[in-house]
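> Below, each chain spelled out in residue letters.
Protein chains: 2
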Amino acid sequence: MTSNREIHLASRPVGWPTEDTFRLVETDVPTPGPGQIVVRNQYMSVDPYMRGRMNDVKSYVAPYALDAPLDGGAIGEVVASEAADIAVGATVQHGLGWREFALLDATAARPVDPSIAPVSAYLSVLGMTGMTAYAGLLDVAAMKPGETVFVSAAAGAVGSLVGQIAKLKGAGRVVGSAGSPAKVERLRALGFDAAFDYHDGPVRESLRAAAPDGVDVYFDNVGGDHLEAAISAMKLHGRVAICGMIGQYNATEPPAAPRNLALVIGKRLTLRGFLVNDHNDVRAAFVRDVAGWLADGTLSYDETIVDGIENAPAAFLGLLRGDNLGKMLVRV
Amino acid sequence: MTSNREIHLASRPVGWPTEDTFRLVETDVPTPGPGQIVVRNQYMSVDPYMRGRMNDVKSYVAPYALDAPLDGGAIGEVVASEAADIAVGATVQHGLGWREFALLDATAARPVDPSIAPVSAYLSVLGMTGMTAYAGLLDVAAMKPGETVFVSAAAGAVGSLVGQIAKLKGAGRVVGSAGSPAKVERLRALGFDAAFDYHDGPVRESLRAAAPDGVDVYFDNVGGDHLEAAISAMKLHGRVAICGMIGQYNATEPPAAPRNLALVIGKRLTLRGFLVNDHNDVRAAFVRDVAGWLADGTLSYDETIVDGIENAPAAFLGLLRGDNLGKMLVRV
Numbered sequence: 001m002t003s004n005r006e007i008h009l010a011s012r013p014v015g016w017p018t019e020d021t022f023r024l025v026e027t028d029v030p031t032p033g034p035g036q037i038v039v040r041n042q043y044m045s046v047d048p049y050m051r052g053r054m055n056d057v058k059s060y061v062a063p064y065a066l067d068a069p070l071d072g073g074a075i076g077e078v079v080a081s082e083a084a085d086i087a088v089g090a091t092v093q094h095g096l097g098w099r100e101f102a103l104l105d106a107t108a109a110r111p112v113d114p115s116i117a118p119v120s121a122y123l124s125v126l127g128m129t130g131m132t133a134y135a136g137l138l139d140v141a142a143m144k145p146g147e148t149v150f151v152s153a154a155a156g157a158v159g160s161l162v163g164q165i166a167k168l169k170g171a172g173r174v175v176g177s178a179g180s181p182a183k184v185e186r187l188r189a190l191g192f193d194a195a196f197d198y199h200d201g202p203v204r205e206s207l208r209a210a211a212p213d214g215v216d217v218y219f220d221n222v223g224g225d226h227l228e229a230a231i232s233a234m235k236l237h238g239r240v241a242i243c244g245m246i247g248q249y250n251a252t253e254p255p256a257a258p259r260n261l262a263l264v265i266g267k268r269l270t271l272r273g274f275l276v277n278d279h280n281d282v283r284a285a286f287v288r289d290v291a292g293w294l295a296d297g298t299l300s301y302d303e304t305i306v307d308g309i310e311n312a313p314a315a316f317l318g319l320l321r322g323d324n325l326g327k328m329l330v331r332v
Numbered sequence: 001m002t003s004n005r006e007i008h009l010a011s012r013p014v015g016w017p018t019e020d021t022f023r024l025v026e027t028d029v030p031t032p033g034p035g036q037i038v039v040r041n042q043y044m045s046v047d048p049y050m051r052g053r054m055n056d057v058k059s060y061v062a063p064y065a066l067d068a069p070l071d072g073g074a075i076g077e078v079v080a081s082e083a084a085d086i087a088v089g090a091t092v093q094h095g096l097g098w099r100e101f102a103l104l105d106a107t108a109a110r111p112v113d114p115s116i117a118p119v120s121a122y123l124s125v126l127g128m129t130g131m132t133a134y135a136g137l138l139d140v141a142a143m144k145p146g147e148t149v150f151v152s153a154a155a156g157a158v159g160s161l162v163g164q165i166a167k168l169k170g171a172g173r174v175v176g177s178a179g180s181p182a183k184v185e186r187l188r189a190l191g192f193d194a195a196f197d198y199h200d201g202p203v204r205e206s207l208r209a210a211a212p213d214g215v216d217v218y219f220d221n222v223g224g225d226h227l228e229a230a231i232s233a234m235k236l237h238g239r240v241a242i243c244g245m246i247g248q249y250n251a252t253e254p255p256a257a258p259r260n261l262a263l264v265i266g267k268r269l270t271l272r273g274f275l276v277n278d279h280n281d282v283r284a285a286f287v288r289d290v291a292g293w294l295a296d297g298t299l300s301y302d303e304t305i306v307d308g309i310e311n312a313p314a315a316f317l318g319l320l321r322g323d324n325l326g327k328m329l330v331r332v
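In order, the protein sequences belong to chains G and Z. The first sequence begins at 1 in the working numbering and counts up one residue at a time. The second sequence begins at 1 in the working numbering and counts up one residue at a time.
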């Protein structure tokens with residue numbers, strides 16, 4: 001192979017990105033220098049946080065550069081190596097997705113064992129996605145057995161794990177919201193006690209019906225009306241783990257909700273934004289628990305797989321629209 | 001004395017209360033039954049939270065009843081007693097303000113020592129007000145030495161103590177906002193490193209100028225634009241102790257701000273609403289610290305005193321407008 005294809009950021013989107021946000025660029029397959037490897041990517045992760053990086057604003061990760069390849073979680077096979085400790089043929093996880101061949105320092109790659117789980121799982125349930133669900137629910141929100149948990153975007157990669165982990169850790173009641181009847185059906189199959197389609201009416205009313213006794217923990221992936229509804233439904237001393245606000249990533253006007261934030265005083269609520277990298281102290285427990293649940297089949301994970309690097313922009317746009325069930329991946 | 005005057009809730013205000021919200025009612029001085037005492041109130045506390053109790057909504061305290069006396073913190077002298085353990089002449093603190101004479105079970109009264117401090121101090125710096133500032137800053141927001149603290153309504157009863165306690169506990173920089181040039185001047189005299197009048201421009205810009213390196217802890221008494229500005233100014237892992245949102249207690253439309261709540265994710269911010277009663281575990285430290293600071297003169301507290309029970313409604317309306325410097329009290 002002498003040709004490598006990669007996706008560049010062609011323009012910074014205002015509001016919703018489009019196909020014109022991206023550009024497919026053909027380059028040469030890179031050659032490793034000393035200490036470097038070349039990875040032929042098999043899967044790349046498509047994540048909501050990438051939308052924020054398309055804006056030219058200071059944040060917790062640098063914005064993507066214009067006319068340069070995007071990046072993000074990926075996994076693949078080493079096809080060339082000038083590094084002593086990583087051999088050709090090894091499967092490695094790294095941060096240079098959005099391209100067919102990735103050139104990186106061997107120190108930036110993490111070898112994984114493809115015999116333990118399908119390699120795609122290292123980008124979802126065994127990777128950042130699973131760890132985000134686990135740490136957010138158990139460390140940030142400190143869910144206790146018997147509590148009622150609400151999670152939004154519950155059929156998504158993180159949300160579907162949050163709900164299942166909550167049940168596995170003894171939650172009394174788990175409620176999820178999603179964006180289609182099929183997703184709601186899937187949530188019931190995954191063991192959610194109640195689920196609703198947020199298109200069916202005001203979130204506040206749907207949530208009240210699904211959790212009539214109130215909510216102890218809300219795992220927020222959406223923001224806006226979902227957060228406002230959760231605040232209204234929270235019990236005393238409730239906790240909100242704020243993981244994402246996909247409902248407003250494409251907003252061109254600052255969002256107004258939640259308008260009921262004053263309720264946090266009387267209810268003594270805690271709202272906490274988090275990034276998974278701050279919670280490495282629970283990583284060992286995460287690996288132990290998730291490996292066990294996968295081995296005995298108690299934890300399910302969905303994947304929506306799009307084929308071909310040239311379709312990565314479409315996969316990302318679909319993710320923002322909510323086309324995916326579970327983890328959105330591109331098979332490169 | 002055979003006559004007692006008390007203030008009743010005459011109507012539930014929509015938006016800002018007015019004099020018509022209240023009614024002065026003349027009754028007989030009550031007579032104690034077994035185990036009861038009668039207190040001639042000397043001071044009563046006027047607090048922002050009372051506005052919420054004028055609405056007929058479920059909250060952490062019951063709403064005031066229509067055509068019945070309001071209540072709230074008060075202190076006075078026992079003038080009649082049918083209780084073995086409280087003698088006539090004792091000074092007691094209790095919860096039946098808004099009246100000249102209070103009839104209560106002796107168990108609901110807390111004797112205080114008027115030789116330690118002026119009796120009014122038990123309603124401000126030595127009472128719920130001081131404890132709210134102390135617990136919110138040190139327990140809820142867990143301020144550490146060297147940090148930058150921002151407090152709104154900083155010339156008010158709680159805010160002026162928050163700023164001073166922050167300095168006494170080693171804060172690196174303390175910034176306060178207030179509503180008049182005189183208040184801003186007072187904050188500087190109290191040792192605030194910077195202070196601004198929120199009328200002088202967008203809070204966001206004033207705060208950025210006053211705390212150019214960002215804010216670690218925000219003690220929120222106001223909500224709305226102040227909270228939004230604080231979120232924008234917060235450093236990574238910043239904490240917001242939400243004590244009150246006086247900026248919206250009289251709002252008839254749900255307030256829109258903060259529109260930048262998504263920043264809590266990347267900055268890993270924690271927003272926590274609190275009520276002082278949940279923090280009795282720091283009460284002993286509070287009493288020890290504040291008694292010491294009062295004894296050596298390092299802690300100042302301001303009082304705005306309005307004379308006469310008939311002027312209590314005016315005092316309350318003035319509090320909502322921000323007419324007070326420090327604690328608003330009525331000398332009954």
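These are calculated hints, taken from the structure and not from any lab test. Take the hints with a grain of salt, since some may be wrong.
Pairs count within a copy or across copies, as identical chains cannot be separated in the list.
Said to hold, decoys possible - In silico BS3-like pairs for lysine-lysine, Cα to Cα no more than 27 Å straight-line:
(1) LYS144 x LYS169
(2) LYS58 x LYS167
(3) LYS58 x LYS169
(4) LYS169 x LYS235
(5) LYS58 x LYS235
(6) LYS235 x LYS267
(7) LYS267 x LYS58
(8) LYS144 x LYS267
(9) LYS144 x LYS235
(10) LYS267 x LYS167
> Each hint: holds or not?
Status of each hint after checking the structure:
no.	hint	result
1	LYS144 x LYS169	within (8 Å within a copy, 34 Å between copies)
2	LYS58 x LYS167	neither (37 Å within a copy, 31 Å between copies)
3	LYS58 x LYS169	neither (37 Å within a copy, 32 Å between copies)
4	LYS169 x LYS235	within (20 Å within a copy, 33 Å between copies)
5	LYS58 x LYS235	between (35 Å within a copy, 13 Å between copies)
6	LYS235 x LYS267	both (7 Å within a copy, 26 Å between copies)
7	LYS267 x LYS58	between (34 Å within a copy, 11 Å between copies)
8	LYS144 x LYS267	both (18 Å within a copy, 26 Å between copies)
9	LYS144 x LYS235	within (14 Å within a copy, 30 Å between copies)
10	LYS267 x LYS167	within (25 Å within a copy, 29 Å between copies)
When each numbered hint is compared with the structure, violations occur for hints 2 and 3.
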